[in-house]
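Starting from the structure of chain A, add chain B where the hints point.
Protein chains: 2
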Amino acid sequence: MAEPIEFYFDFSSPYGYLASCQIDDLAARHGRTVRWRPFLLGVAFKETGQKPLVEQPLRGPYHLHDFARSARRLGLPFRLPTPFPFAAIAASRAFYWLEARDAALANRFAKRIYQRIFGEGQVPADAAALAELAAPMGIDGAALAAGINDPAIKDRLRQATDEAIKRGVFGSPFIYIDGEPFWGHDRLGQVEEWLARGGW
Amino acid sequence: MAEPIEFYFDFSSPYGYLASCQIDDLAARHGRTVRWRPFLLGVAFKETGQKPLVEQPLRGPYHLHDFARSARRLGLPFRLPTPFPFAAIAASRAFYWLEARDAALANRFAKRIYQRIFGEGQVPADAAALAELAAPMGIDGAALAAGINDPAIKDRLRQATDEAIKRGVFGSPFIYIDGEPFWGHDRLGQVEEWLARGGW
Chain A
1 MAEPIEFYFD FSSPYGYLAS CQIDDLAARH GRTVRWRPFL LGVAFKETGQ
51 KPLVEQPLRG PYHLHDFARS ARRLGLPFRL PTPFPFAAIA ASRAFYWLEA
101 RDAALANRFA KRIYQRIFGE GQVPADAAAL AELAAPMGID GAALAAGIND
151 PAIKDRLRQA TDEAIKRGVF GSPFIYIDGE PFWGHDRLGQ VEEWLARGGW
Chain B
1 MAEPIEFYFD FSSPYGYLAS CQIDDLAARH GRTVRWRPFL LGVAFKETGQ
51 KPLVEQPLRG PYHLHDFARS ARRLGLPFRL PTPFPFAAIA ASRAFYWLEA
101 RDAALANRFA KRIYQRIFGE GQVPADAAAL AELAAPMGID GAALAAGIND
151 PAIKDRLRQA TDEAIKRGVF GSPFIYIDGE PFWGHDRLGQ VEEWLARGGW
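Sequence lines, in order, name chains A and B. If you count the first sequence from 1, position 184 lands on 184 in full-length UniProt numbering, and the numbers rise without skipping. If you count the second sequence from 1, position 62 lands on 62 in full-length UniProt numbering, and the numbers rise without skipping.
It is worth saying that the hints were derived from the structure and are not from the lab. On a predicted model such as this, the values are computed, not experimentally measured, just so you know. Treat the hints with caution; some may be incorrect.
The list treats identical chains as interchangeable, and a pair is accepted whether it falls inside one copy or across any two copies.
[To be verified] Keeping only pairs whose Cα atoms sit at most 30 Å apart, straight-line, the calculated BS3-like set for lysine-lysine is:
no., residue 1, residue 2
1, K51, K166
2, K154, K166
3, K51, K111
4, K166, K46
5, K111, K166
6, K154, K111
7, K46, K111
8, K51, K154
Chain A on its own, in the form it takes in the complex (with noise of 0.2 Å):
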């Protein structure tokens, strides 16, 4: 079996949104799985002195146009949620919480929180509002509120994010295929070029 894609991401990132509705289908279409990998975009950004797309002036109103026009290429629902940007810590604890326990859930469960962020426009922000999405999958929402503020899965985020900048991810979304790098929604397609005829 071929190693996992990795596919790093923040759950504030509309083109992570974008590409979290495409990366299972096409790994799967080339006999692989995926590794998903929530981390904390702002750190990054300290490293790399970026800010925010909305935040920029020229590349801000810009990008507002592209989100939604990527998303109608996709046929995808799009609604930016108020406020935005946001820092997403309950929803990625959440995530290298459950994915301790299932990691296949896991996958689904961040799945389903994008949805919730950028499909229908509302940021589940906490314990509760986690809950609230997690309990028709069967997660127990109490102990995912738990989870969130142990202090094992806030160690747990921030050793994600320290790995994932420390090996080059400095966007969202950012794949890497048998250790090759491709940050963006937009190159997808080469992802999928790179599987099907192993490099270039």
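Positioned in the frame of chain A, the structure of chain B alone reads:
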């Protein structure tokens, strides 16, 4: 006849070079011509707060890798000149000097300049180097050298740069189709799709 596609680029941009090798053929497949528009990306960076890619932590190493990988994928020669980045002022002025005389020839000259820079790894940084490139194309080197130093041509480049930024251009390449903006050489697939479908 449909309006030309507008192709904004900085001669010091590797991704602009990759686009320059494809844009005319791409447009022609959809009955369009291309209006080439060199501008000074550094001036746009002052607006957006960006720095050259290769000077940014994490982003620099990724893009150095990606420049070469992207060229390899397209089967295009690629050599990063030294020093890099550099300011492509003389080449940009030469373009606007020539464009006022023969726009089609100016476009071909722009392609030749890009080939010299990123295909052969040499920057034609002054009038003599540009004249050497221009001679085989039947362009008068002495007139070109005088044009580069003409205050009206210097103004023309400033004006072109200001117009680009006012319009929303912040990167290279940057393409407009009937007012619709696309940033980045990795959006050429979408540019082609937009032309074929008339939007989405």
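Verification of the hints:
1. Within a single copy, K51 and K166 get their C-alpha atoms as close as 19 Å, and across copies as close as 21 Å, so both meet the 30 Å cut-off.
2. For the homomeric pair K154 and K166, the shortest alpha-carbon distance inside one copy (18 Å) is at most 30 Å, but the shortest distance between copies (44 Å) is not.
3. Within a single copy, K51 and K111 get their C-alpha atoms as close as 25 Å, which meets the 30 Å cut-off; across copies the closest is 34 Å, which misses it.
4. For a Cα distance limit of 30 Å, the shortest separation of K166 from K46 qualifies both inside one copy, at 13 Å, and across copies, at 29 Å.
5. Only within a single protomer do K111 and K166 lie at most 30 Å apart by alpha-carbon distance; the minimum there is 25 Å, versus 38 Å between protomers.
6. In this homomeric assembly, K154 and K111 come within 30 Å of each other (Cα to Cα) only inside a single copy, at 21 Å, whereas the closest approach across copies is 53 Å.
7. Taking CA atoms no more than 30 Å apart as the test, K46 paired with K111 passes inside one copy only; the shortest distance there is 27 Å, against 38 Å between copies.
8. Taking CA atoms no more than 30 Å apart as the test, K51 paired with K154 passes inside one copy only; the shortest distance there is 24 Å, against 33 Å between copies.
This entry satisfies every hint, going by the numbered hints stated previously.
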